[in-house]
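Peer 1: Each chain is listed here by its residues.
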Amino acid sequence: MNTLKVAGITVNIESGDKAFFSKRYEKYYCEHDEKTDMTIKTIVTGHIPEPCGECLLQIKRTCVVRLSDGRLCRYVKSPAGSVPFAICFNEDYSDSVIEIARDCPIEDLTATDIEYMFTGFLFANRLTYLKGTILHGSAIAYHDKGIVFSAPSGTGKSTHTGLWKGKYGDDVTIINDDKPAIRFEDDTAYIYGTPWSGKTALNINTRAALSAIVFLERSKENRIEQLGVSEGVLHCIRQLPNPFYDKKIGSMSIDFIRRLYEGNVPMYRLYCNKSEEAVDTVYDEIIRGGAL
Amino acid sequence: MKIKDDFVKIRIADECFVVPVGEQAVDFYGIITLNGTAEFMWDCLAEDKTREELITAMLQEYDIDRATAETDIDEFIGVLIKNNLLDKG
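Going down the list, the protein sequences come from chains R and W.
Start counting the first sequence at 2; every next residue gets the next number (our numbering).
Start counting the second sequence at 3; every next residue gets the next number (our numbering).
No wet-lab data here; the hints were simulated from the structure.
Glycine is no exception: its CB is placed at the ideal position from the N, C-alpha and C atoms.
Treat each hint with caution, since some may be false.
[Stated by the list, open to error] BS3-like cross-link-like pairs, simulated, lysine-lysine; straight-line CA separation at most 27 Å:
1) R/K275 with R/K19
2) W/K84 with R/K248
3) R/K61 with W/K84
4) W/K6 with R/K61
5) R/K78 with R/K249
6) W/K11 with R/K132
7) R/K249 with W/K11
[Said to hold, decoys possible] Residues from chain W shown here face chain R by an in silico Cβ test under 10 Å; the list is partial:
8) V10
9) K11
10) D16
11) G24
12) Y31
13) I57
14) A59
[Claimed, not checked] Only some residues are given here: those of chain R computed to face chain W with a beta carbon under 8 Å:
15) K168
16) Y169
17) I255
Working from the sequences, and respecting the hints, build out all of it.
Peer 2: Shown next as structure tokens:
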């Protein structure tokens with residue numbers, strides 16, 4: 002069992018694919034702490050028996066049951082009846098076990114992919130309980146000012162922050178390319194790096210004050226506008242944790258949006274293409290314009 | 003009738019919204035904006051109420067006549083039904 006410190010959260014973690022995750026987690030290892038915020042244990046096994054318990058809900062092939070010890074278990078059942086993975090967790094996600102069948106026959110995902118995906122989800126849920134969040138997006142710091150560029154997968158978040166890095170070099174740090182954490186300290190929101198950064202390993206263990214959230218939308222032309230409250234709420238909730246199996250997490254995410262507004266974090270929509278002009282459009286509005 | 007409990011009300015800067023959570027977030031891809039009267043009716047329907055009980059509550063809260071209350075309520079209930087927001091249980 003190793004100990005990580007991610008966004009100030011102490012995570013005791015036992016990995017299944019130790020070679021892969023020792024590299025992924027290396028920037029976040031810390032000394033074992035008496036105080037542990039969450040524990041995640043991954044077991045890669047030959048066969049997973051179908052979990053027994055009270056069925057709480059089922060959507061397509063995903064089932065959620067309450068086990069006899071009170072924990073919840075989310076698992077997938079393949080058409081052939083086997084269980085490729087099962088995730089058991091207590092109500093506040095402080096203690097979780099991920100079981101993965103070694104020859105995991107689920108789409109094109111490997112056991113390591115499953116472990117990476119669900120350790121990230123479990124961390125996001127636990128962080129939400131601890132009054133933080135994970136915002137799906139690519140986060141940068143321009144000097145000490147943080148901006149998260151958020152959008153549905155495939156829109157071009159990484160491409161856009163790559164353009165910032167290309168233009169401003171060492172003045173820009175990519176904090177996390179897919180799942181940055183956000184937490185408040187006093188009344189200030191901060192972006193934190195996490196080891197879960199999507200397809201790339203672009204993340205660092207640092208933080209920056211969150212100065213703006215920018216939602217990207219592909220367009221031929223580059224244009225930016227500040228969002229009104231209703232559009233900001235709508236865009237945010239689509240990119241914050243709101244799992245189908247736990248409405249409490251969704252409620253907490255909604256409360257986090259309220260805190261972002263109370264903390265005066267401005268939200269924008271950027272219509273953008275893949276040119277450097279898209280970066281200039283944001284720079285002119287948010288940085289030169291004085292929002293930062 | 004009662005509104006599904008998979009919606010959370012949030013108030014920001016004098017604006018009121020309802021956001022889907024849990025299973026509802028899978029099917030209902032948006033948020034609902036409520037004005038003052040709609041918010042009142044929404045809050046009333048957080049618990050099981052008949053149309054008549056809702057009318058009584060409206061008449062106690064607002065200085066309106068019964069016909070206006072009925073029109074507002076029927077319109078509101080129509081929106082709830084159209085968007086599948088009422089608990090079938």
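Peer 1: Hints first: check each against the structure and report whether it holds.
Peer 2: Okay, the hints, checked on the actual structure:
Between R/K275 and R/K19 the alpha-carbon distance is near 37 Å, which puts this suggested pair outside the 27 Å criterion. Taking the CA atoms of W/K84 and R/K248, the gap is near 23 Å; set against the 27 Å cutoff, the hint holds. Between R/K61 and W/K84 the CA atoms are separated by roughly 25 Å; this keeps the pair inside 27 Å, and the hint holds. A C-alpha spacing of about 21 Å is found between W/K6 and R/K61, which places the hinted pair at or below 27 Å, so the restraint holds.
A C-alpha spacing of about 25 Å is found between R/K78 and R/K249, which places the hinted pair at or below 27 Å, so the restraint holds. Our distance criterion of 27 Å between C-alpha atoms is met by W/K11 and R/K132, whose separation comes to about 18 Å. A hinted pair counts as satisfied when its Cα atoms are at most 27 Å apart, and R/K249 with W/K11 qualifies at roughly 13 Å. The closest approach between the C-beta of W/V10 and any C-beta of chain R is roughly 5 Å, which is under the 10 Å cut-off, so the hint is satisfied.
A hinted interface residue such as W/K11 counts as satisfied when its beta carbon comes closer than 10 Å to some beta carbon of chain R; here the least separation is about 9 Å, so the hint holds. Here the hint on W/D16 is kept, as its CB sits about 9 Å from the closest CB of chain R, short of 10 Å. Because the closest C-beta pair between W/G24 and chain R is about 3 Å apart, less than 10 Å, the hint holds. Proximity of W/Y31 to chain R holds as hinted, the smallest CB-CB distance being about 8 Å (cut-off 10 Å).
Because the closest C-beta pair between W/I57 and chain R is about 29 Å apart, greater than 10 Å, the hint is violated. With 10 Å as the threshold, the beta carbon of W/A59 stays out of range of chain R, its nearest partner Cβ sitting at about 25 Å, so the hint is violated. Contact between R/K168 and chain W, as hinted, is not supported at the beta carbon level, the nearest pair being about 34 Å apart and thus beyond 8 Å. The interface hint given for R/Y169 is broken, as the beta carbon of that residue sits about 33 Å from the closest beta carbon of chain W, more than 8 Å.
For the restraint placing R/I255 at the interface with chain W, the shortest Cβ-Cβ distance is roughly 5 Å, inside the 8 Å limit, so the hint holds.
Checked against the numbered hints listed earlier, the structure breaks hints 1, 13, 14, 15 and 16; every other hint is satisfied.
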